[in-house]
Each structure stands twice: as C-alpha cells, then as structure tokens.
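**Student:** Here the protein sequences come in this chain order: A and B. Here the first sequence stands for residues 2 to 290, numbered as in my numbering. Here the second sequence stands for residues 11 to 645, numbered as in my numbering.
Since the hints were made in silico from the structure, they are not lab data. Hints may contain errors.
Stated by the list, open to error - Cross-link-like lysine-lysine pairs, in silico, BS3-like; alpha carbons within 30 Å at most:
#	chain 1	residue 1	chain 2	residue 2
1	B	Lys-114	A	Lys-281
2	B	Lys-607	A	Lys-287
3	B	Lys-596	A	Lys-234
4	B	Lys-425	B	Lys-607
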Amino acid sequence: MEGNILIVDDDDIVVKSCDSVLAPEGFTITGTTDSSKAIELIRDNDYDIVITDLNMPGIDGFELIRQINALKPSTGIVVITGFTSQQNIKDILQLGIIDYISKPFSPHTLLETILKATYLIKKIKALSTAEPDTEPDAKKKTEALNNIIDEYKSVPGSLLRVLESAQDLIGYLPPSVQRFIANGLRIPVSEVYSVVSFYPYFTMKARGKHHIRVCVGNACHAKKSGQILTRLKRNLNFNEDNITADGKFSFETVRCLGACGFAPIVEIDYDTHGAVDPDKTLDILKDYH
Amino acid sequence: MPAIKVRATDRSIKKLTIEDLKIIREKYKDPRTIGTKASILVCGGSACAARGSLKIQENLSGELEKKGISSSEVSVYETGCNGFCNQSPVINVYPDMTLYQAFKPEDVPAIVDEHFIKGQPADRFVYKDIKEKKSIPNRQDIPFFSLQTRRVLNKSGLIQPDDIEAYIFHNGYTGLVRAVTAMKPQEIVKEIKDSGLRGRGGGGFPTGLKWEISMNRPDHTKYVICNAGPISRSIIENDPHSIIEGMIIAGRAIGAAKGFIYVREPDNLFILRRLHTAIERARGCGFLGDNIFDSGFDFTIDVSFGAGTFICGEETALIRSMEGKRGFPTPKPPYPAQSGLWGRPTIVDNAETFANVPLIIANGQAWFRSVGTHSSPGTKIFTLGGAVNLNGLIEIPMGTTFRSIVYEIGGGLKKKSTLKAVHIGGPTGGVIPESLIDTPATYEDITAAGVIVGSGNLIIMDNNTCMVNEALGAMEFGHGESCGKCVPCRIGTKVMYDKLLDITEGRGKLEDIDMLAELAFEVKRTTLCGLGQTSPIMVLTAIKYFREEFETHIKDHWCQAGKCRTLSTFVIEPKTCTGCGSCARKCPQGAISGEKKKPHLIDQALCIQCRSCFETCPFVSIRIEPSVAEEVDSW
C-alpha cells in the first residue's frame with residue numbers, strides 16, 4: 002500500500018524497527034527522534050499517518066498530537082505507548098487519534114494497524130475533497146444550511162424537510178452534510194443515515210447538471226422503457242455512478258411517475274416528456290446544454 | 011425542490027358568508043360565456059402540455075386576431091385535463107363543445123378558418139369513430155365521454171382548476187356549508203356510512219366506519235391526512251378544491267382541526283403549486299382557518315411531502331414518514347383511526363375518496379347510491395392504458411364490466427392485436443384473463459378474481475405480452491420497493507425474482523412453477539402491510555390463469571410473445587412474405603437479407619431478438635418459434 006508515514010520516537014530502535022517493517026510494504030517512511038523537528042517536518046510535508054510515542058523529552062506526545070491537529074487536521078495519528086492503563090488509553094483516544102499500539106508489539110500488529118489506519122485516512126481524504134467545505138461558496142452554503150436547520154429545529158418530524166432542502170442546496174447528501182444536520186437537529190447520525198438511505202429521492206452521490214429519470218413502472222415497462230435506458234446508457238457513456246464523464250447528465254430509474262396513460266415517461270430535471278422512444282429521448286436531450 | 015411562490019389571491023377575495031356564495035353563483039361570469047360567439051377551452055393537462063398546449067393557446071389568440079375576431083367575441087382560456095390524453099392535444103369550442111384533437115400547433119389556422127370563418131367543424135381534426143370512421147364533432151357524443159359517468163371529474167376539462175370562483179359556481183363548497191351549519195358530526199358520519207363510500211385507495215375499507223372510529227375517540231387532537239399518491243395527481247391537477255372541501259368536512263366530522271395533504275414526490279412542482287394556490291385561496295375565502303362560517307369550527311391544511319417511496323402509500327408507513335422517520339409500516343391494530351400521527355387518531359384517505367365526500371354531503375347518500383352496485387356504490391376513476399385505442403382517465407359507475415371499458419370506452423384494441431389480459435391495480439396488481447372480461451368492476455368481483463382494485467390503474471395487455479416477463483417485472487418492483495422490514499417480502503420477492511429470471515432465460519424447471527405459487531401465497535399471507543400482501547398478486551394470477559405459458563417457457567424454451575430473448579427465434583414465413591423489405595431496413599443488426607419482392611430470410615447468428623422486424627412487418631408474416639439453442643444453460 003502507498004502512503005507517507007512519519008515515525009516519531011525518542012528511541013532510535015523503535016524508529017528503525019518500524020521502518021524495517023513498513024518500508025517493504027511500499028510505504029514512504031521518514032523517521033525522527035526529535036519531536037520539535039517532527040513538528041517542522043509535519044508543517045513542510047503532507048503525511049498520511051504520523052506514528053508517535055507519548056513519553057518524549059521536550060515536546061511530549063500529547064502536545065505533538067495537539068499541534069498536528071492544529072496544523073494538519075486530516076493527518077491520521079497512531080500512538081505507540083508503554084502505558085496501557087485504562088485512564089491513559091481513554092485520554093489518548095480523546096485526543097482524536099485513529100488507533101494505538103501498546104509496547105512491546107509484534108511486526109504483525111504494527112503492519113495491521115498501519116494498513117487499517119492508512120485505508121481509513123485515504124477514505125476520509127477522498128470524502129473530504131468532495132465535501133462542500135472545499136467549494137468556494139462553502140461558507141455561504143454552510144450558513145444557508147444552518148438557517149434551514151434553525152428554521153425546522155423546533156418542528157417535530159421535520160427531518161425529511163431539512164434533508165430535502167439540504168439536497169436542494171448542495172445537490173446531494175454526502176456523509177459530512179448528514180453529520181452536520183444530525184448535530185444541528187440533535188439527533189443521532191444513524192437516524193439521519195437511516196432516512197437518507199431509505200428514500201430514493203435522497204442521493205449520497207453527486208448528480209449531473211441535468212438529471213434524467215426513466216420510469217420503469219408497469220405501464221412504461223410494457224411500453225419498452227427498458228430500450229430507452231439501454232440506448233441512453235450506450236450513447237451517453239455513464240460511469241458506475243450513473244453520471245457522464247463531463248458531469249452534464251446523470252440518470253436514475255424511477256418506479257411509476259403516475260402518468261401511465263402517457264407511457265413511457267422520461268423526466269429531465271423538472272420537465273416530463275411522455276410517449277417517447279429511444280430516438281426521441283436522445284433528440285430531447287439535445288435541448289439540454 | 012425549489013421554493014414555491016404563490017400569489018395569495020388573484021382577485022380581492024374576502025372571507026365569504028353563505029350569502030356571498032349565493033351571490034357568486036349568481037354573478038359569476040362563466041368564462042365559457044365571456045366570448046359572445048364562442049369560447050375555446052384549451053386542455054392544459056400534462057399530456058396536452060407536453061404536446062404544446064401553450065403554443066396552441068398563443069397560436070389561437072394570434073390567428074383569431076389576424077382573422078379580425080376580437081377576444082370579446084371568441085375567448086381562449088386554459089382548463090384542467092380532459093382525460094382524453096391519447097388524443098392530445100385537445101381543445102373544446104363552447105357552446106356546442108366541438109372537440110378538436112390530435113393536431114399540431116401549426117394546424118391552428120386551418121381550425122380557426124374552418125370553424126369560425128366557414129362556420130363548420132374542421133372535419134380533419136375532429137374525433138373519428140374507430141370502427142366506422144365517422145366523424146363525431148361534439149364532445150358529448152364521443153363514446154369515450156358519453157359512456158362515462160363523471161361525478162368527481164365532472165368539472166375537469168371545463169374549469170380553470172386554480173379558479174375558486176369557478177368551483178363555487180359549479181356548486182362547490184355547498185357540501186361544506188351544509189356540513190358545518192346544518193349537520194352534527196354524527197350526522198355527517200352517518201351520511202357517509204349510509205352512502206357506502208369505500209376507500210378509493212385500494213383496500214376498499216368503508217370510509218364511514220373509519221371516520222366513526224376516529225370520531226368516537228376522546229382525544230382533543232386529531233388529524234386528517236389526504237394520501238395524494240400518483241393516481242391522485244389527476245384530481246389535484248383538475249379539481250384541487252374538491253379534495254380540500256372533502257378534508258374540511260372530514261375534519262368537522264371527526265373533530266380534527268388540522269389536515270395534511272401528503273404528496274409522495276417532493277419535486278412535483280406542478281402539483282405542489284396547484285395545491286398551495288388552492289389552499290391559499292380557500293383560506294382567503296374563509297373556508298379554512300378559524301371559525302369557519304361562524305360555527306366555531308377551525309381547520310387548517312398543510313402540504314407535507316415524503317421522498318418518493320411506494321411503501322409510503324401504505325397508511326402507517328405514510329404516518330412514519332410524516333414524523334420524519336423511515337417509512338416502515340407498523341402492525342395494525344392500533345389502526346391510524348385510533349392512534350396515528352404522533353399517536354393521535356388520524357384518518358388517512360386518498361384524494362379520490364375525499365373528492366367524493368362533498369358530493370355525498372351536498373346531494374345526499376341516496377344520490378350517491380344511484381349508480382354503482384349495492385356493496386360498491388358510486389363511481390371509480392381508472393387510468394386506462396396499454397393496447398387499447400384510447401388511453402386516458404375515465405370515471406365509470408362501479409359494476410361496469412371490463413368488456414365495456416375495453417371495447418366501448420377504450421375503443422377496442424389496437425390494430426393487429428387481440429386481448430390477452432387486463433392488468434388491474436397498478437404496480438402491485440395482477441391480471442385477469444380475457445375469459446373473465448365480463449367481470450364487473452366492483453371491489454368484491456375484482457377481489458374474487460384474485461386481484462385488487464388498488465390505485466385504479468388498468469393496463470390492457472394484448473397477445474404480444476409475455477406473462478412470465480410481466481411477473482418478472484412485478485417482482486423486480488416488489489423487491490425494489492420492499493421496505494425490508496418483513497422477511498417474507500424482502501427475501502421472498504427476491505427469490506421469486508430469481509426463479510422467474512431463470513425461467514425467462516431458459517434455466518427454469520417445471521417444479522419451479524409450484525414453488526413460485528406456494529412462495530407467492532406465503533408472502534401474501536405472512537407480511538405485515540399492504541405492499542407485501544399485494545406484490546405477489548401478479549405472480550399468483552399469472553400462474554393461475556396462464557400456467558401453460560410458464561410451461562412452454564420451461565419445457566419448449568419458447569416465449570410465444572417473443573419477449574424473452576433467449577427463448578425466442580424470429581422466423582419469416584415465406585408464404586406470406588411479400589418481400590417489401592421494411593423489416594430489413596429496420597433491423598439494427600443487418601440480419602435480414604433477401605431480394606425485392608421475394609421472401610426474406612433472418613440470419614439467426616446475427617439476430618439479437620430485438621423484435622423490430624416483428625413489429626414492423628405489415629403482413630404479420632414473422633413468426634416466433636422456440637429457441638434454437640440446444641441447452642441454454644444446463645446448470
């Protein structure tokens with residue numbers, strides 16, 4: 002696995018042994034025995050994972066973790082410690098680390114923990130790049146989302162409305178937005194997720210500029226909406242997230258839009274097109290730029 | 011779901027008294043009579059809108075002006091849906107209600123010229139009888155309309171749905187006045203009970219009984235919910251005030267002060283705008299709000315929406331969804347009428363049921379019972395689709411036979427096709443075969459045939475329909491829409507789907523049929539809610555009525571309708587093939603070859619069973635034969 006790792010321990014043997022275990026696995030390793038030098042390194046480089054001891058002369062592990070969280074909050078931290086009393090572990094976990102390894106440790110434990118941590122951090126980084134925080138108008142959207150939450154905070158049963166408004170605002174509901182809403186409404190994230198994953202209206206994936214819905218309800222199925230789908234897929238080259246490479250179109254299938262007398266139905270954005278066939282659908286799409 | 015802005019009122023409407031209503035009815039200038047010579051009613055239903063009704067309106071006004079006809083002589087205005095969607099776009103010319111259909115916006119000058127200048131119906135664009143090809147210019151003479159009994163839909167296609175005065179003019183809100191000022195809640199419930207009105211949402215539960223349970227609960231807070239699923243769209247589009255009036259009466263009857271209209275799709279802007287406008291105007295007139303008609307009765311209505319799941323049409327799931335939770339159904343009892351939204355007594359009825367209520371209160375239960383059968387009185391709205399000539403929205407007295415619906419109202423089957431089955435009840439419904447076509451459309455008879463009334467969706471299936479394939483589609487739906495709460499529904503539908511897929515792809519075994527039937531029966535028997543209990547119906551009825559079709563699929567590897575690709579071979583009958591070449595031109599694979607005017611041949615190695623040739627051939631000389639593949643997939 003690839004990954005940029007920094008090892009901080011005042012004992013040189015620990016640094017070297019970590020290096021000898023992790024380097025053959027494809028990780029890029031930097032090691033230091035000086036924690037103040039470590040801070041400089043973290044400032045100048047982008048590490049996926051920092052492995053650190055707690056008991057060090059000068060800046061100790063607790064301080065180092067605090068500094069890392071301030072400098073590069075998306076860095077994953079794994080702690081190596083000889084003090085595995087319960088209180089100690091509770092304290093270090095509260096600092097916001099991914100995992101800890103208790104001394105003495107086997108190469109196998111180290112490798113397992115680091116692989117898991119790298120996997121997690123990559124996932125988080127991938128998510129955070131798609132999160133609204135990185136968009137230029139993120140602040141505005143956060144504010145708007147806050148307003149929506151404030152508006153519905155005291156209305157019982159308003160979760161669906163908040164989610165609908167949020168999806169309208171952002172376009173989709175990534176995990177970060179779900180967490181944000183859960184915090185705002187003071188309900189568990191699991192409850193928000195359970196609702197988002199249940200209703201087909203909500204999407205956790207970004208959509209294209211124009212969203213195509215193809216009805217596959219009974220009447221439309223009987224009138225061969227399947228062929229429209231096949232043709233759309235063939236002509237527009239959707240990727241596995243059902244979105245075209247240029248982000249212009251995305252599609253989903255829906256079940257019964259309730260205009261069965263006019264089957265088959267294709268809905269693009271908010272426009273309903275009835276009695277279409279594959280050729281007609283492609284023609285209609287030409288009007289959407 | 012963009013924000014919806016609604017103008018509060020278009021005219022300065024104040025809180026109305028009963029006298030005011032009388033005055034409106036006397037003074038209201040029917041838009042149909044604004045034009046001294048005639049008025050043109052342009053259908054604005056979604057089908058017609060898709061075919062350019064807006065452009066037609068423009069063209070009409072422009073053309074009339076060009077011909078020197080002022081708008082005071084001939085006025086043009088938009089109405090709700092006529093239900094004649096197959097022939098869209100549709101316009102009606104008042105006073106004699108000449109109906110023009112299936113034309114293009116460019117044909118407007120010709121119509122104006124013929125009708126208004128030459129003074130006779132433009133024959134090219136009037137409806138022609140399907141068998142005799144005779145022109146029928148007037149709307150009321152067209153069998154599609156004349157054979158219907160339009161009560162709930164009686165105003166659709168004639169009024170502007172947003173116009174509350176038009177609704178009042180057509181005796182709207184008379185029921186409300188009567189219910190609020192002259193009747194006690196018990197009397198309203200009794201009237202509804204005596205009328206025999208049954209829930210139009212599918213189950214057919216007696217509405218009056220439901221109301222009575224709610225009325226007798228001691229709670230102070232109660233709710234009225236209108237379940238506006240997809241089929242209710244037609245009523246909201248055409249006549250939103252009838253639903254609002256029905257809900258207010260229901261609130262009065264059970265003692266509720268709050269109503270919700272639950273729209274399943276939050277992005278259905280057209281419907282939401284129409285509902286908001288209607289509620290706003292009803293509030294402006296004092297039909298909603300505090301102290302309605304000085305009776306001390308308060309009632310308000312809000313629009314609430316789900317996020318697009320089929321299961322949320324089930325009342326308990328709908329209530330959970332309104333509470334902001336996953337739409338999981340809950341066991342009954344307690345019924346929502348006893349303990350529903352936030353644990354309060356709640357009546358959930360669909361839009362069509364509510365639209366019937368004001369008519370019953372205003373005209374009395376005896377009038378309501380004057381059509382329909384003893385146990386299924388009144389009318390029912392169906393959407394008619396599939397292989398019939400005339401698709402659209404129809405309202406018929408209950409007890410009308412399906413033969414009459416298919417052959418008289420629907421104008422019979424399309425060319426080259428014969429009736430195979432009628433699919434009733436929407437996505438979770440089932441089929442009745444051609445032999446049961448004389449079944450009357452009542453709750454009991456439809457249930458006795460093994461299917462459900464459901465949402466009132468009729469799909470007419472012709473001989474090109476493969477029942478195994480349809481059952482597969484139904485299971486795909488059932489499996490996709492199952493909420494996942496009950497194991498039989500969640501897993502049973504998936505197992506049935508897999509088995510059916512095996513059959514359609516040639517891997518089926520004969521014992522699978524019995525296994526499917528048994529499984530479908532068990533899923534129906536053991537699931538909690540209406541969805542799980544109805545989604546296996548298609549499998550059950552397909553096996554019950556079309557068992558031999560399953561057998562030919564399995565034994566002979568033969569899908570006679572040619573819908574299951576791996577089980578069909580398309581062959582050109584040399585005796586009847588004239589060599590016209592139309593199939594060869596359509597074939598996407600270039601698999602058809604042959605000289606002109608000589609019988610053609612399909613290269614089976616290239617054929618992908620797309621059916622294009624079968625559907626194109628004007629001489630019906632393409633046969634569908636069993637699959638030629640030796641063993642499709644032996645394991």
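**Student:** All the hints need checking, so say for each whether the structure fits it.
**Tutor:** How the hints compare with the structure:
no.: 1; hint: B:Lys-114 / A:Lys-281; in the structure: holds, 17 Å
no.: 2; hint: B:Lys-607 / A:Lys-287; in the structure: violated, 39 Å
no.: 3; hint: B:Lys-596 / A:Lys-234; in the structure: holds, 21 Å
no.: 4; hint: B:Lys-425 / B:Lys-607; in the structure: holds, 24 Å
Going through the hint list in order, the structure does not satisfy hint 2, though it satisfies all others.
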